[in-house]
Amino acid sequence: MNRASYTAARLLQIVPTFILIGIVVFVLVRILPGGPVAALLGDKASDEAIERITRQLGLDAPILVQFWRFLETIARGDLGDSIAYHVAVVRLIAERLPVTLLLTGMATIFAIALAVPLAFVAAVTQNRWPDLAIRGAFQVGLSSPIFYVGLILLTVFAGAMHIFPVGGYGETPGEHLYHLFLPALALALSFSAVIMRSLRASVIEVLSAEFVDFARAKGLRRRIVLGRHVLRNALISTVALIGLQIGDLLGGAVITESVFAVPGVGRLMVDSIFARDYPVIQGLTLALAVLVSLVFLATDLVQMALDPRVAK
Amino acid sequence: MTPAPILTISGLSVSFATPHGIVRAVDGLDLAIGAGEVLGLVGESGSGKSVTLRAVLRLLRRNAAITGRIDWRGQELLTAPERRLRDVRGGEIAMIFQEPMTALNPVLSIGLQIEETLAAHTDLGAAGRRRRAIELLSRVGIASAAARLDDYPHQFSGGMRQRVMIAIALAGAPKLLLADEPTTALDVTIQDQILKLLRELAGDLGMAMVLVTHDLGIVAETCDRVAVMYAGRICEAGPVASVFAAPRHAYTLALLRSVPSGGPARQPLDPIPGQPPRADRPIVGCPFAPRCGFATGACRTTRPPLEAVTPDRVAACFEAARLPAWREAA
Amino acid sequence: MTAIALSHVRAWRIPAPLLAGVLILCGMLVAALVPGAIAPYDPIAFDYAALLQPPSLAHPFGTDNFGRDVLSRTIFATGVDLQIAFFATIAPLVVGTLVGLFIGFYGGLADAIFAQVVNLVMTFPFLVIVIAIVAVLGPGLENMYVAVSIVGWVFYARLTRAEVHVQRQSDYVAAARVLGYARSRILFRHILPNTLRPILVFWMTDMSLKILLGSSLGYLGLGAQPPTAEWGVLIADGKAYFPAGWWMAVFPGGVIVLCGIGFSLTGDGLADLLDVKR
Amino acid sequence: MGSLHARLLAGVGMFVGLALASAGAEAATRGGTLIYARYADSLFLDPVLNDANVDIWILTNLYDTLLAPTSDGQGVSPSLATKWDVATDGKTVTLTLRSGVKFSDGSPLTPQDVKWSLDRARDPKAGAWNFTLAAVDTIETGPDTVVLKLKHADPTLLPALATFNAAILPQKQFEASSGSSMEEKAKAFAEHPIGTGPFAFVSWKRGEVMKLKRNDYYWKMGEDGKPLPYLDALEFPVIPDDSTRLLKLKAGEIDGTEFVPYARVKDLQADPSLRMELWPSTRVRYLTLYVGDKYKDGSPNPISNPKVRQALNYAINKDAVIQITTLNLGKPMRSYMSSSTPLFSGAAPLYPYDPAKAKALLAEAGFANGFSFSCLSLSGNGDDANDLTAAQQMWAQIGVKLKIEQVDNPTRTAKYRAEDFQCRTSAWTDDIADPSEITSYFAYYPNIHSLHSGFDDKRIDELFEKSQEENDKTARTAEYKEIQDRYNSAAPIVYLYETPYPVAFRKNAKGFVQIPLGNNLFESAYIEK
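Chains as they are written, first to last, in my numbering: chain V, 1 to 312; chain U, 1001 to 1330; chain C, 2001 to 2278; chain W, 3001 to 3529.
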């Protein structure tokens, strides 16, 4: 199967997953105790006001009717309006999703940039002090709660040293990168530890492969042996792992975005759950599902590019 | 008379530090290879054949401790700087491995894997390297070579892969080819083709070759000289015909008796009793003594030196004189 | 299981990192089992005379805004966190491994359904599901266990299934089949023990990750309920007093890291010892 | 210091008072952008259909009301209306509109806009707050006047006209907004709201930042004789995390921020580049008790006995709680309403700490061995956790076991509305400069069953109803005194403390005012160069 038809087939496979996710999240939000209207109007609202707005929002209709309307809005390519913010969910997502994409993208790049060279050093110095030092340092990153890391990064690099701004997102693309540096770093630390561990193990395994000896026997420079022969093979399993981590990365983004005041979808999701903003939760879940599926697909394609044996 | 040696190994010892102690793989090995000569290196698995070959190019793991001397055309390889060693590897001494599926990088096209050797050892440009790669592939018998340059190892059959590896080894125009059991993983019919190819290439290119194998039949068919290894040492070395006809080491004799040989005059098989010595304990005397029917007291207490028994043969056996002749070599 | 594990131990020498990891975890276990014997103070007793005291000889980790001894609270929290590590992973471990075994061994329709479930769970951001489930069931550790278990088993099942697929091809299973052993016997006596090794190693990592998850939920106010001390909650509480009252957050944070290192060293050590490629 | 500031202002009154707020020694500087970080974003900028504090507290900067609360929160002062007349029977109110007022788009304010806005605000089908104007029967307009005809005298009407939902909007622009229904039009209009307030809307990225610029048509004059506001622009970034907000302030990336955690107040006071302001508020924190005879599951409720409730109150060491939660910034409650609320009559702190008395009361009520109950608290809320952890410890001394149940806000609200709770954490802030709002929620059973506690005192209901139509100030004061006394001794709540609004600014950012009702006023704010 060629790459294009593989891609198409994979995208088709995603459809039932989306339908399932749609149903699960639709039901899930409705079994949450307390509804959006009471959450929105707060303690002071009268019962009449709550009833009236519930009716306006169509939340008094039977659940199947509500589900049907939900499907209708999705079929229109719409996701309904936010109950709390009174604007289209699509617009909220369009404002917020790029922020999270940039944050997680930067975090991934940082994580890879940190993990790949150090995993190599650790692997080739296996069980000697550089290896132990690198593993120890990454273990600290892996074992630290992300909000704790964020707080310390903020206090030191933004609060005390004024090297970076204290959170926020800025206005221009350059400012975005500058503002997201620390949050991306906080998010990258545990992620890079995961990559480092996996890559170190793969490199150690690949280093003992015969083709590495053969490459050395050919008289190739060490740089070429490691860069061309070892890295590429070791990356195959690590790429899959990086893809699978997208879920954890988005989970981490929830906390990071709160600590660093980054206006992304992670925070929007938590806020919406706490506000019982059904349309936003539903729309956002589907949007994130699309995102995650695309990331999985992209990792598959990268793996195909890296490994000619995966002839799917 | 043997031609002047291009590679002389003397007193080579290799041991590995493992979690379970020090393991000795090669134990004071002496060996010489003449220019253009095809030498068969035989011995049971674990006797140190592959380790010896890898030691020549310093391809052993970090936990290996190597002592001795390896003299390559007047140059000491064990102490040579990395940069010099790179020129030797692939350019002067090439090596091929037993299992081409694992020795070829699965994710790189074979074209690239040939061209990178060319890039390391020749001044050819990109187009020149590609042309040369096609020539090499054709030379080792791969049909429509140009079309297959961009293929990956998994797209070739076992025999074809071994041909690819040979082509890669030839790319640097080496003076010596170290072939580590190159046919073990192949079907018998393919084995013959590959061996023929190797023999032919060595002759055509004037290239010396060390052929590691445990198959005495292959040695008989392919090699000029043979060296027999046991427990990390050379027991005996000399021209194939004379060694096979009249072994001067008890182990050589036992080995010859234990393997089936093709041909009509089949003799009953006589497996060697006992086990090779443990590699993590020191060996006193001749390592083969515990399994040897000819062993005497001296064999158990004194290490027999490797000495010339005829002008072109060496052996390390106190009881060489008592050994019977075996049979006419093929 | 032990017999299998031991048969793969190459020698009776325990590597130093594993020893260090086991020692850290044993220390934690002691603190969890008999906190009262180690802690210098009652972890919930107020001391109005010593509110927000920085570290001193009397209070090595300082005191919090109620005048409670942070060291004692950290020690008493150990039990809660080890409980989290255990209870948040044990059901996924058992259920996931069993499901993975059956799916990997029998395949077919179950495998197809499982693939869909995996897609569903992997596509749904993990922390978000947990937050939603905890919101439905109410905060608290028990509900967190439920929430984590509802999704967590999938990861174990996935791992086991893949391992079973490898084992199924192996010679000894083929031999067992030729010998006419019952399928259940092949599954439990031959395949299960061999798949357990990677699972055990993953379990170690998972336990330390769950402690972190507990602390993230604590940060969002969905974790352990007061006055129960839990490391994550201690950090979250201390965060309000940071940086002036840094000791409230920094010491429990250090202990979380130490515990993570303990699990990781143990996991890596076990992996080396059991010769697991990973 | 902030409180002294505000108290000084209280005497000045009138609209110049707010301008003077920034007087101090030096004159206000014009120009610049002030960045004021908020802990949560606004939701909806329509004054009628919203009702969250995150909206209410900043709407004043976009919209004006006919009257404005005085800066001490005790009375009303002129705003869009310069003058008001209440007929002796209290049933007609005539307001004279300020001349020459323009909306931020330059269009003039007309009496018709006022009538239309108030009609919309009192429409029972519109917002949740229509009850504040329920007494209005009809509205008539003159060339520069608006006349409200009332169904009955209503002492709360003037404060109601100074409340956010009575803001005046431009009818034409509102009706020209897209959408077929009023709700849809309100949504569209609130995307780009137009009002007569000191600032005009520029842009809003939800959850990130709202930007306002000065309204060049604003009517109020600054102390330099030119129109307010001093600032060119105002930005409200949203930063939910307390530590992050304060770090940003310390780093100088923002000029000011609200809701400084009490734990950090001392730290900020010690920073020479900052100024900590503690504005007097109407904010009270307390625990609501369910006092009905039986719980929803049918089990008997020990707290239905007033003696038990009094015991619970006596057992709380308020000073300790104030020290632990507010680091001594709070003060004990003297009535259910804050001491800043008009007609407040508390004499001394209620239920001084007395564990012996608490034990005795419990024994009298038949609970000598104590009992256990549970309290809903807001997950992730530090004040809730601190208050309840302290209460848990203190009640344990008299044998009462408290179980703390952390839940999220919608869950707590749902259980509260269903009256399916035993105790919950609560906080209250007045929205109207009048005691009627808090009283109708806390003590008047017919409204919401007295905070859904089930507390039902017929005499209080009667007094409250009377006071709602009471034109005589002295009589109304007396009614409120009796209501407060009755309520406080019945103790359907656990009294904790009153707290100020803690806000912090960079040293050079001045002139901000937060009134006891919470409204954030930036019209006189400026940044010193």
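Since the hints were derived computationally from the structure, they do not count as laboratory data.
Careful: at least some of the hints might be erroneous.
As a list, the in silico DSBU-like pairs of lysine-lysine whose alpha-carbon atoms are at most 30 Å apart [to be verified]:
#	chain 1	residue 1	chain 2	residue 2
1	V	K44	W	K3307
2	W	K3266	V	K44
3	V	K44	W	K3359
4	W	K3507	V	K44
5	W	K3266	W	K3115
6	W	K3083	W	K3473
7	W	K3102	V	K44
8	W	K3226	V	K44
9	W	K3473	W	K3458
10	W	K3115	W	K3507
11	V	K44	W	K3331
12	W	K3473	W	K3331
Bear in mind that the values here come from a model prediction, so they are computed numbers and not experimental data.
Against the structure, the hints:
no.	hint	verdict
1	V:K44 x W:K3307	28 Å, holds
2	W:K3266 x V:K44	33 Å, violated
3	V:K44 x W:K3359	35 Å, violated
4	W:K3507 x V:K44	37 Å, violated
5	W:K3266 x W:K3115	48 Å, violated
6	W:K3083 x W:K3473	20 Å, holds
7	W:K3102 x V:K44	33 Å, violated
8	W:K3226 x V:K44	40 Å, violated
9	W:K3473 x W:K3458	23 Å, holds
10	W:K3115 x W:K3507	43 Å, violated
11	V:K44 x W:K3331	25 Å, holds
12	W:K3473 x W:K3331	28 Å, holds
Checked against the numbered hints above, the structure violates hints 2, 3, 4, 5, 7, 8 and 10; every other hint is satisfied.
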